[in-house]
Amino acid sequence: MTSVAGAGTLRRDDLGWYLYGVVAAGEAPAELGAGVSVDPAHEVELVSEGPLAGVASRVSLQEFDEGMLPERLGDATWLEQKIRAHEQVLERVLRGASVVPCRFCTVYRSEAELRRFLSERREALMAALDRVRGQVEVGVKAFVDLDRFTVDQATRNEDIQELEKRVAAAEGGRAYLERRRLEQLVAAELERLRSVAGGEIHSRLLVAAEDGLPLPPQPAEISGRDGEMLFNGAYLVTADQSPFEQALTSVARDYRDAGIDFELTGPWPPYNFVPVELKAS
Amino acid sequence: MSLTEQHDLRQQVTLLELVDRVLNKGVVLTGDVTLSVADVDLVYIGLRVLLASAATLEERQEAISAGSAQP
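Protein sequence lines correspond, in order, to chains Z and E.
Under my numbering, the first residue of the first sequence is numbered 1, with each subsequent residue one higher.
Under my numbering, the first residue of the second sequence is numbered 1001, with each subsequent residue one higher.
Simulated from the structure, these hints should not be mistaken for lab results.
Note that the structure is a prediction, hence the values are computed from the model and not measured.
Don't be surprised by glycine CBs; every beta carbon is placed ideally from N, CA and C.
It cannot be assumed that every hint is accurate.
[Said to hold, decoys possible] Label-pair restraints from in silico Cβ distances:
#	chain 1	residue 1	chain 2	residue 2	range
1	E	Thr1014	Z	Leu213	34 to 44 Å
2	Z	Gly173	E	Thr1014	40 to 50 Å
3	E	Thr1014	Z	Glu200	24 to 34 Å
4	E	Thr1014	Z	Ser110	28 to 38 Å
5	E	Thr1014	Z	Gly172	18 to 28 Å
6	E	Thr1014	Z	Ala112	19 to 29 Å
7	Z	Leu177	E	Thr1014	23 to 33 Å
Model the full structure from these sequences, guided by the hints.
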């Protein structure tokens, strides 16, 4: 197969460097762990350049060629393998060091190009590292259990109680209409909760975090959950997550009766708390 | 749902969470990276692919539960 990229035709054995993330050279873990990398033929290495070190591994440029990527990304098996490898490498590093994670498929054609990046972006990378020093990212999601939500609404809303009685008593077309009205009433209450809960949840969690940002709730077909996602957020917290977990427990307790369940994920490398673009020094 | 199926679903959910971060966030090295995927709508492509595989997983699970429900 011939694959043409910007710099000309690639040979099968051309190697580039895949950059997972950047750490402070002094903090770089001595043990990077063997066996996990995006290209199984090449182990993860540290490429030190001044005060910084790139967590990187050699990759076949044939496999990671820009021209080939759209096709690769259509291959679910390939994509999942590489995404998991990217994350596993960073999670190992995260146990021993603060890390600025790179986006998936950051590939340099040569070690010289990689070193040039580390040196030209030194100040911006150091600033990004300072911001996440000693911190990890966690994810918080809240889901609505519609059955429990409806039951809870009935205990506090007389209109809903009344309608539930009528739905139980009615028959045929009338029962259908009453049920529709009940659904509309519950939907209106849910809409009210949607408009206030996100802000309240976020501000209570933010107090226990270094930083945080609300993210767009994922539609059910992406979240893979039955219940609607009411809230989605990412938080930058100290490696000891217990103060944040306490805050989350308290929020979850207050929303439990309303049928809202919380989910905590992480620790993640701080993907949401590093600048997307870095200025040259 | 069996423990194995729950595990599968759990894995799938984590993968989507992962995709959201690895494909969508993190430092992007436009300008000085020779190979860049910034122009490709990675998130769109990635999610479409993974959604397709998540749907397959769900179908499989339904098939399993339907199968186990029979005497």
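For each hint, the structure was consulted:
Separation of threonine 1014 of chain E from leucine 213 of chain Z is about 21 Å and departs from the stated range, judged on CB atoms against 34 to 44 Å. Under the hint 40 to 50 Å, the C-beta atoms of glycine 173 of chain Z and threonine 1014 of chain E, about 46 Å apart, fit the expected range. At roughly 27 Å, the beta-carbon separation of threonine 1014 of chain E and glutamate 200 of chain Z lies within the given 24 to 34 Å, and the hint holds. A C-beta distance of roughly 34 Å is found between threonine 1014 of chain E and serine 110 of chain Z, which places it inside the suggested range of 28 to 38 Å.
Look at threonine 1014 of chain E against glycine 172 of chain Z: about 47 Å separates their beta carbons, and that is not inside 18 to 28 Å. Between threonine 1014 of chain E and alanine 112 of chain Z, the C-beta spacing of about 37 Å breaks the proposed range 19 to 29 Å. Distance hint check for leucine 177 of chain Z and threonine 1014 of chain E: the Cβ-Cβ separation is about 43 Å, which falls outside the suggested range of 23 to 33 Å.
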